[in-house]
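Undergrad: The primary structure of each chain is shown beneath.
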Amino acid sequence: MMSINGVTIAIVLFGIGLLGLIIRRDLVIKLLALGLLNGSTILCLVSLNSLPGGVPPIIRGPSAVLYVDPLPQALVLSAIVINFAILALALVFVMLLVERYHTTDTQRLEHEIEREETS
Amino acid sequence: MIVALLPLWHFLLAGLSLAWERGTRGMMLLSLLLDATLVGVLFGQFAGGQTVSVVLGGWGKEVGIVLADDQYSLVFALLALLLGGAVVAYLWRKRLRPYFYMLLHLLFGSVFALLFARDLFNIYVIMELLTLTSFLLVGYEKRADQIWASLKYLVLASLGMGVYLLGVAIVYYHTGTLNLDLLSAVISSSGDVPQWVSLASSLLVTGVAVKSGIFMFSLWLPAAHATASPAISALLSGLVIKMGVVVLLRLALVFPLSLSLEVLSAVTGLLGIIYAIYTYDLKKMLAFHTLSQIGYLVLGIGIGSEIEIVGSLEYAVGHGLFKGLLFLAAGAAVQATGREDIPGLIARRSRIPLATRVGLLVGTMGIMGIPPLAGFCGKTLLSNGAESLVIQTILVLLSIGTVISFAKLIPLFRPERGSSSPWPEKVAYLILGVPILLFLPFSRLFLSASQWHQSFGVFPFVESLLVVGAGLLAHRFLRKHPLRLPKRIFHLEEAILIILVGFFLVFVLVWLG
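Read top to bottom, the protein sequences are chains A and B.
As numbered in numbering that gives the first Met the number 0, residues 0 to 118 make up the first sequence, in order.
As numbered in numbering that gives the first Met the number 0, residues 0 to 512 make up the second sequence, in order.
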């Protein structure tokens with residue numbers, strides 16, 4: 000019996016993100032799915048290395064208390080910033096494509112660009 | 000401290016080149032010269048048996064960021080400097096925005112940072128930085144096909160890095176450290192391989208493979224490398240792809256990846272070469288060829304014996320040099336003739352400047368493995384070190400395929416009078432061409448005297464000449480039978496599905512091996 004915890008939620012979210020990336024044809028929705036997928040990896044990293052009942056790692060008084068490992072949190076901060084940068088830059092490029100082709104449909108974009116290349 | 004300084008000061012210069020518009024070009028050149036001195040100092044220390052290692056911020060080795068150098072990082076730093084010099088020379092007369100030089104500085108900063116990085120998370124951050132920089136570089140001219148190619152690259156690379164991060168999470172959960180040296184101690188001490196190691200290492204390999212040009216995973220590569228402007232294609236194909244290979248090498252030293260990397264190398268080598276043979280667009284052909292040549296590098300890493308890794312490194316440097324040269328010369332040839340397809344280029348070959356044609360010739364000879372040029376050295380070492388018959392066969396097939404795909408260019412080299420190139424381009428060809436021609440004595444640096452004499456006897460000379468002959472014959476035959484290969488796999492959705500299939504393949508192989 001699988002209990003509901005951060006890791007299982009992360010796996011489900013990863014699956015939803017991957018599915019969205021594959022089956023949705025709209026480029027903006029694809030990017031949202033990518034954001035969801037990357038968010039789920041962050042959730043996985045944090046919750047896999049969490050310590051239920053631990054206290055924040057700030058040492059006051061006796062050190063025999065169970066402290067949470069601060070490293071995963073420090074790691075995911077950089078990962079969150081990186082994912083933000085990727086989404087922002089990708090959306091800028093989507094804007095450039097939309098200005099030119101007036102569509103965010105990946106199949107049509109692929110088709111139009113292939114046609115321009117061969118002509 | 001040099002290992003920390005080399006990446007950091009490029010990031011500083013990246014900001015500075017936006018502020019000071021007129022000096023960007025000179026600043027780029029000066030920074031590369033200073034890099035060369037610093038790398039030279041590191042080489043000197045390494046030759047004296049001294050490796051540099053620092054932990055940033057005064058933390059312990061388990062949690063701090065470790066920067067260290069070894070033979071692998073120094074060799075690739077040398078390649079980065081040569082390619083950087085050639086690209087700066089090639090672009091000397093072109094009018095470029097300061098923004099472009101900012102991106103170049105970011106690229107070199109992250110390349111150096113990745114070479115010295117020693118923990119999984121630091122590698123993740125720098126690989127993402129490399130992704131973002133090369134994404135912006137591919138789309139620099141803002142043509143629609145460039146933007147679409149770089150967008151596909153960004154989505155696939157980001158997916159790959161997400162998968163990589165899952166692997167990082169599992170590794171940290173089980174070991175409590177991300178430092179590669181400590182990890183290798185933990186894993187080698189645990190006897191038989193635990194279950195989590197196969198899952199984590201297949202996640203990590205899948206993530207890195209997306210960035211390092213392995214056929215099933217890097218289906219963004221042909222479009223991105225073929226549409227980017229020539230100098231950028233040279234950097235991406237020659238250098239950025241190799242950074243993924245360096246990370247694969249570091250992973251292979253820690254995790255049990257032999258079997259999976261050998262299979263992946265056969266897949267990428269053979270499929271890449273088939274696409275390269277049947278592609279008649281010059282830059283696209285070069286891009287497909289990158290996919291196939293990664294097969295050599297990954298094969299050496301997969302087998303993992305000392306001589307194979309040396310062969311793999313030599314071929315990586317050689318490939319960086321001749322693929323860089325080919326992309327630069329191809330760009331100049333396309334510009335001179337206005338045609339991108341090889342028959343069109345051949346029809347208008349009198350318009351191609353002489354230096355450009357010589358550059359193409361040297362690159363082609365190097366990549367075909369004609370002795371004693373650069374390709375020959377790496378290929379010989381790889382096939383000498385390989386023991387099993389299957390691997391030998393794959394290597395010979397790859398070499399023949401390389402010759403077939405480049406035999407299409409031979410009519411370009413008929414001696415003819417041509418116009419003259421501008422001098423910066425000639426300098427660029429010299430920087431890359433001379434090391435290709437003088438590679439055999441240079442490879443003495445990697446090997447002991449006895450290994451060197453064992454490796455380069457008469458037999459490899461004859462063998463590689465036979466391979467070239469067989470390739471030319473096969474080209475005459477195959478020319479009459481064109482083949483249409485599926486193009487759909489390079490679409491975004493299909494590429495993601497194939498990555499998924501590739502992940503399961505890697506997982507099964509790691510689990511079996």
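Be a bit skeptical, because a hint or two may be false.
Stated by the list, open to error - Residues from chain B that face chain A, not an exhaustive set, calculated with beta carbons under 8 angstroms:
#, residue
1, I146
2, W147
3, I488
4, L491
5, E492
What the hints contain is simulated information worked out from the structure, not anything from laboratory work.
From the three backbone atoms N, C-alpha and C, an ideal C-beta is built for every residue, glycine too.
Undergrad: Let me make sure I understand: some of the numbered hints might not hold for this structure. Which ones are they, in numerical order?
TA: The structure breaks only hint 3.
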